[in-house]
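Visitor: Sequence:
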Amino acid sequence: MAEDHEEIERKYDVGSDVVFPNLALVEGVGSVRQPEELQLEAVYFDTPELDLARKGLTLRRRIGGGDAGWHLKLPRSGDSRTEVHEPLGDAEDGVPAALQARVRGIIRDRPLVPVAEVNTLRREYALQDGDGTIMATVCDDEVHATVLAVPQGLEGSSRSGAVQTWREWELELDGAAGDLLDVVEEHLLAAGASPATAASKLSRTLGDVSPETHAQPSDKELRKGTAGQLLVARLAEHIARLQAQDAAVRTGEAEGVHQLRIAARRLRSALTTCRPLLNREVTDPVRDELRWLGEVFAPARDAQVLREHLNDELDQQPADLVVGAVAARVEDQLSADFQTGRERALESLDSARYLRLLDALDELVASPPFTEEADAPARKVMPRLLARDAKRLRREVRAIDSAEDSTARDHAFHEARKKAKRLRYAAEMATPALGKRARSLTKATKKIQTALGVHQDTVVARQRLRELAMQAHLAGDNAFTYGRLHALEQARADGVEADFEDRWRSFRRKQLRRWTGKPA
Numbered sequence: 072m073a074e075d076h077e078e079i080e081r082k083y084d085v086g087s088d089v090v091f092p093n094l095a096l097v098e099g100v101g102s103v104r105q106p107e108e109l110q111l112e113a114v115y116f117d118t119p120e121l122d123l124a125r126k127g128l129t130l131r132r133r134i135g136g137g138d139a140g141w142h143l144k145l146p147r148s149g150d151s152r153t154e155v156h157e158p159l160g161d162a163e164d165g166v167p168a169a170l171q172a173r174v175r176g177i178i179r180d181r182p183l184v185p186v187a188e189v190n191t192l193r194r195e196y197a198l199q200d201g202d203g204t205i206m207a208t209v210c211d212d213e214v215h216a217t218v219l220a221v222p223q224g225l226e227g228s229s230r231s232g233a234v235q236t237w238r239e240w241e242l243e244l245d246g247a248a249g250d251l252l253d254v255v256e257e258h259l260l261a262a263g264a265s266p267a268t269a270a271s272k273l274s275r276t277l278g279d280v281s282p283e284t285h286a287q288p289s290d291k292e293l294r295k296g297t298a299g300q301l302l303v304a305r306l307a308e309h310i311a312r313l314q315a316q317d318a319a320v321r322t323g324e325a326e327g328v329h330q331l332r333i334a335a336r337r338l339r340s341a342l343t344t345c346r347p348l349l350n351r352e353v354t355d356p357v358r359d360e361l362r363w364l365g366e367v368f369a370p371a372r373d374a375q376v377l378r379e380h381l382n383d384e385l386d387q388q389p390a391d392l393v394v395g396a397v398a399a400r401v402e403d404q405l406s407a408d409f410q411t412g413r414e415r416a417l418e419s420l421d422s423a424r425y426l427r428l429l430d431a432l433d434e435l436v437a438s439p440p441f442t443e444e445a446d447a448p449a450r451k452v453m454p455r456l457l458a459r460d461a462k463r464l465r466r467e468v469r470a471i472d473s474a475e476d477s478t479a480r481d482h483a484f485h486e487a488r489k490k491a492k493r494l495r496y497a498a499e500m501a502t503p504a505l506g507k508r509a510r511s512l513t514k515a516t517k518k519i520q521t522a523l524g525v526h527q528d529t530v531v532a533r534q535r536l537r538e539l540a541m542q543a544h545l546a547g548d549n550a551f552t553y554g555r556l557h558a559l560e561q562a563r564a565d566g567v568e569a570d571f572e573d574r575w576r577s578f579r580r581k582q583l584r585r586w587t588g589k590p591a
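With the sequence shown counted from 1, adding 71 to any position gets you the numbering used here.
Because the hints were derived from the structure by calculation, they are not lab data. Just so you know, these numbers come straight off a predicted model, no measurement behind them. No residue lacks a Cβ here, since even glycine has one placed at the ideal position from N, Cα and C. Warning: the hint list may mix true and false statements.
[Unchecked claim] Ranges between beta-carbon positions, derived for each pair:
1) Ala458 x Glu120: 38 to 48 Å
2) Gly140 x Gln561: 51 to 61 Å
3) Val89 x Ala270: 51 to 61 Å
[Claimed, not checked] Here are the simulated DSS-like cross-link-like pairs (lysine-lysine), alpha carbons at most 25 Å apart as the crow flies:
4) Lys451 x Lys295
5) Lys462 x Lys581
6) Lys507 x Lys451
7) Lys514 x Lys295
8) Lys462 x Lys517
Based on the provided sequences and hints, a complete structural model is requested.
Guide: Following this line, the structure appears as structure tokens:
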């Protein structure tokens, strides 16, 4: 079973002739234990293209020390970094499936191969407080690293078989306050160390592995930039979120299904809003695949939301009005639906179709298929795109009033919800370029979307309650409570429709006139 461990550490380059300082003199340190000497042998794994290294991840199998085993280190955030542990196992078994799942969205169907071997003679100094509790550890490492496999032509990298040696110090907190890092660092620097020039032993071994992606532009840069630059920044942001939630779904995190679906929806929405900026022969197939991904994840998410809602509703009912094993049936059926949906979603994440979608998304950011309009300033292009989405929302809201029956009316509400969500996402994307105007539109559209979303939730709930009631009836159970819950959902729908009308009147007056020139 994989275990996550949060590391808070700093690394330092140090010459071979530098004397290790007496850290017992550090303020707040009670004593330093006699050093423990360890021999560590690690083999690092990556794809032949070094996809993990380019994303700031390292994957190794290490023998020796108190945490021997497989270690996956996730990208660093300041001094903090998450390390995922798996048992050592047999080397012939290869990379544990749990760790492969964490990085599948990055490596896709490319193999993981040994790329470097690092042997370290470590002297480990434990820093204790006055009570003998370990606060931090400082490691004095003599490193011997060998490159096993590096892509030919990788600029600045060592070639296969090259051996390097160096010395480094590593300072890691072990429950102490973060300011201890600064205090200990002063002594290490004074002794002759300097902040490490490489983020990890692997990065120093391989040399100049250029990042796959560049830093996101600032809002100030986007404000003055082109519409194409704004779109690419948006796509890059949500591709990263999609990959992060890919790992969350695979490892069973509760919100992973929901968040991955949101990331896919935001990507599709951006491509839809910005169709005038793009060669649609290239991007429409990607939009279709993002729609497929959202549809695959919908059953699991719908069951998750409905289960939580109906359980809350049942908890609020008087005990004498909950007749029969209603709670058990709701729990069993919807939990089973969620599990079935999640299994289908997991299957999709391992499919070639999904992995090629990830490749296509990367290609969109690397080589955007822009039209000439993408080169125009974002502050001029985005208002036109927002106006288009606002008009589509207005058209769908009008369809609600002209619906011929309740089924058509529910469908119209649902379509309006989707158009409101698209407009909200577009306004969020436009915010760096348009500032306050776009933020105001985002806030107002979110209110509309929320009301329409609750309405759709009641539609799904009523349909499922009818099904559950029929199952109960056929099984010889009393269906009274299902009918009561159905009536409550109908009342909730009526209430939210009235709420939507109030919000829409305000939206027409304050937002539609601004963006389309017409209030209704």
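Visitor: Of the numbered hints stated earlier in the document, which are not met by this structure?
Guide: 3
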